[in-house]
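Participant: Let chain A serve as the given structure and place chains B and C on it in line with the hints.
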Amino acid sequence: MLNDRIRARLAASRRWHPAEFVLWGLALAAVFLLPRQLLILNEIAILALFAISLDLILGYAGLVSLGHAAFLGVGAYAAGLLAIHVTADPLAGLAFGTLAAALAGLVTCPLVLKGNDLTRLMVTLGISMLLLELANSFGSITGGADGLQGITMAPLLGLFEFDLMGRTAYLYSLAVLFLLFLLARRIVHSPFGLSLRAIRDNPLRAAAAGVPATRRLTAVYTLAAAYAGAAGALLAQTTQFVSLDVLAFHRSADLMLVLIIGGAGYLYGGIIGALAFKILQDAIATVTPQYWQFWIGLLLVLFVLGGREILHGGVMALVRRGAALFSRRRKAP
Amino acid sequence: MKLLTLLVDGIAYGMVLFVLASGLSVTLGLMNVINLAHGAFAMAGGYAAVVLMQKAGLPFIWTLPAAFVLTALAGAVLERLLYRPIYAKSHLDQVMFSIGLVFMAVAGIDYLMGSTQQFIQLPGWLQGRFDIAGVAVGRYRLFVIVLCGLLAFGLQWGFTRTRFGSRLRAAVDDARVARGLGIPVHALFAFTFALGSGLAGLGGVLGVELLGLDPSFPLKFMIYFLVVVTVGGTSTITGPFLAAMLLGIADVAGKYFIPQVGAFIIYALMVVLLLLRPDGLFARQRT
Amino acid sequence: MNAVLETRGLVKRFGGITATDDVSFMLQRGARHALIGPNGAGKTTLVNLLTGVLAPTSGAVMLKGEDITRLPRAARVRRGLTRTFQISQLCASMTVLEMIAMVIAERLGRGADALRALDSDSRLIEGVAEIVTQFRLVDILDERIDRLAYGKRRQIEIAAAFATRPEVLLLDEPAAGVPEAERRELLDSIAALPADVSVLLIEHDMDIVFRFATRITVLVNGRVLAEGDPPAIAADSRVREAYLGEAAHG
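Heads up: the sequence lines are chains A, B and C, in that order. Residue 1 is where the first sequence starts when you use the working numbering, and the numbers rise one by one after that. Residue 1 is where the second sequence starts when you use the working numbering, and the numbers rise one by one after that. Residue 1 is where the third sequence starts when you use the working numbering, and the numbers rise one by one after that.
If you are wondering where the hints come from, they were derived from the structure by calculation, not from laboratory data. Idealized CB from N, CA, C, for every residue including glycine. Check the hints yourself; a few may be wrong.
[As the list claims (entries may be wrong)] If you want the footprint, here are the derived chain C segments under chain A, 3+ residues with CB under 8 Å: (1) 68-79; (2) 111-125; (3) 136-143.
[Claimed, not checked] Chain C is nowhere near these chain A residues, computed Cβ spacing over 10 Å in every case: (4) A19; (5) L34; (6) L39; (7) A95; (8) A145; (9) M165; (10) Y268.
Chain A extracted, bound-state conformation (with noise of 0.2 Å):
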């Protein structure tokens, strides 16, 4: 009975939420309800993925990075060069970006794992820098500071021709965030998963239960590296470009507002997040589009004065209030 018990406990923390099929059931409505917005959507859900790979290191494993860029931008230039150089195949690219990427991650990871936060948030910064310099000075390989131009992409699965509109790179994109969030949502709910949340919550726990941190924190910063390349093999291949930017480290602090705005460690994070972010960061651009990265950083600090637990705070309550009211109207009866 107390084995059932504990079973059932444990199911619980993965059983879907009703909240959650109307998420991605308002995601693929999306292609109908909003068929002129489709290009920001394929852009939010390729930052939601991007975001996803950080929440994993950040959020689950307490890894705090910089220049997550780097691997975003490995998986653009890796998936944009294949599509010029061997095949036009969407999937071949999008498998060559997550691989590239993972291979810079497993390659970078021992700088990283060494030393404390400070030393990380250092080290990460340089390593993406690093390799905005090399992309910036192998101009005749990625296009320089013109940028990788003459990506076209075959049609996808040689079915589905991407179409000015994004309707099919919108598509696209959501699947892989869809099965990516899948497997993401599998891993976490894992032992392997729990063992992450242990050594962020307390390292000395880990190592006096047997958690072999160093090899743990490998594989979860390999895999955060993938999410982020597949995130960047999606960027090049349904904007057909790559540019130095994917590289900026910009790119690395909008993705640490999303987070913050969305919240760490629950996954969905990444994707609330970067739907508010991009709404955002669309509304202040209309407003004033030269100037938005002030109000970006007036946010930034905002948040972190305390406008996040307040906001925190507030969905939480709309979300318990909407509970009471939905587990009410089904005793009723």
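Facilitator: Quick look at chains B and C alone, frame taken from chain A:
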């Protein structure tokens, strides 16, 4: 002889970096606060000098103390109003917060002053170069080396020989113990923050000629300051000083001999040094 | 010779200070062994050397005849050497159930399994059920650990150590700071540990030591001052002097 000229350039460059970053190393050591917005104070100093010279006709030499005082005041006010609430927060929060400030400063300066590169007219006696034993040395560079060298000596003296310095060192070593001994750590920190901001502002003016000045300054040089601090450690003045010299000389030499790799050398150097000595190249060994 | 844990000439220096000075001792299989000593005697340093938090300056640590001096912490745990901490080290954001499940999954070698759901693993569930029953945690399974009372946290600390199914258990001042009311329960669960688990108790409280231990090692200034059964230690004049000396100083 070209080599020696390069060396002098590198030293001058490193000296400016030291003055720019010295405040950061003390605030980091003292309060364990990561302030990526330190470069914004330097930029503010540089722009203050530009405005004072162009609009008020102040001679260059007077803009140095003026920029110091202005940015020190700005530092004191901001410390009181903005920074104090974030001391207790996580490093990540501090990073987000100070990146936010950087973004605001970058966009704000762009709005007020435009995005173009700024220049200042050096007085005649600082222009040109002269020969020392066949080595061509820029007058301005020599001026920078002498001035920053004096500042470094002053800081080292203040840090090691005065009552203020010994309290500061105690507080950097262990803020909790220092508080227990009755050292007013908060007041000490506020003063140091203002001093560090002032030095950054001063460095900002000196750097206009050597590093350039435009709204992207805080972002462009953020990594340089961080290298100085992380490689030099936070418990001494000499650590960051040597790190700044190393960085200045490596950067000048790198850009001269292998221009195509650009700043690559700096980042590679930083990553390698951090790997070898995660607590800083010149940090004391802690147990 | 049935030593399950052994140190050979263990030395640890910090700068000029020798915190552990040529310590050689043996923990017999199934022992109820206590390590005592005045403040600053080097008890914590010794525990850190045994568990791999610190590397010794010289000397060796042997576990079941194997040299583990250079092994990382987690590898020692997997070989059966587990510790508790003087200050509870728990996973604050987890529920009691999650934290115990984490430890059990690691013991079963499932910790690297990224695709299996926790609730689909019956051995894991059995393991959790066994521990939460034994340590009377059934009623608080769903409580977040950071919301629990201090005494309960101490109990979870012991339970988490025990969940690794250790052969050697190092208890570092398990009753420190636990209120009298909750102390009984805690000491009972320690007394109930299976006989084949070898226990090294690091303790300050002589009451607990003499109630629990069948053998006592006294550490003073980083050296082993005396070792013997409780009556012998109680009668040892050097031990009394070391403790009285401490009492006289403060």
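Participant: Hint by hint, say whether it matches the structure.
Facilitator: Comparing the hints with the structure gives:
Counting residues of the region 68-79 of chain C whose C-beta lies closer than 8 Å to any C-beta of chain A gives 6; at least three are required, and the coverage claim holds. Coverage of the region 111-125 of chain C by chain A holds. Counting CB-CB distances below 8 Å, 13 residues qualify, and the rule asks for three or more. A stretch counts as covered by a chain when three or more of its residues have a beta carbon under 8 Å from one of that chain; for the region 136-143 of chain C and chain A the count is 3, and the coverage holds. Distance to chain C confirms A:A19 as a non-interface residue, since its nearest Cβ pair spans about 21 Å, more than 10 Å.
The Cβ of A:L34 sits about 35 Å from the closest Cβ of chain C, beyond the 10 Å cut-off, so the non-interface label holds. For A:L39, the shortest C-beta to C-beta distance to chain C comes to about 34 Å, beyond the 10 Å cut-off, and the non-interface label holds. Once the 10 Å rule is applied to beta carbons, A:A95 is consistent with being away from chain C; the minimum gap is 19 Å. Even its closest Cβ contact with chain C, about 40 Å, leaves A:A145 beyond 10 Å, as expected for a residue assigned away from the interface.
Distance to chain C confirms A:M165 as a non-interface residue, since its nearest Cβ pair spans about 37 Å, more than 10 Å. Taking the minimum C-beta to C-beta distance to chain C, about 17 Å, the non-interface status of A:Y268 holds against the 10 Å cut.
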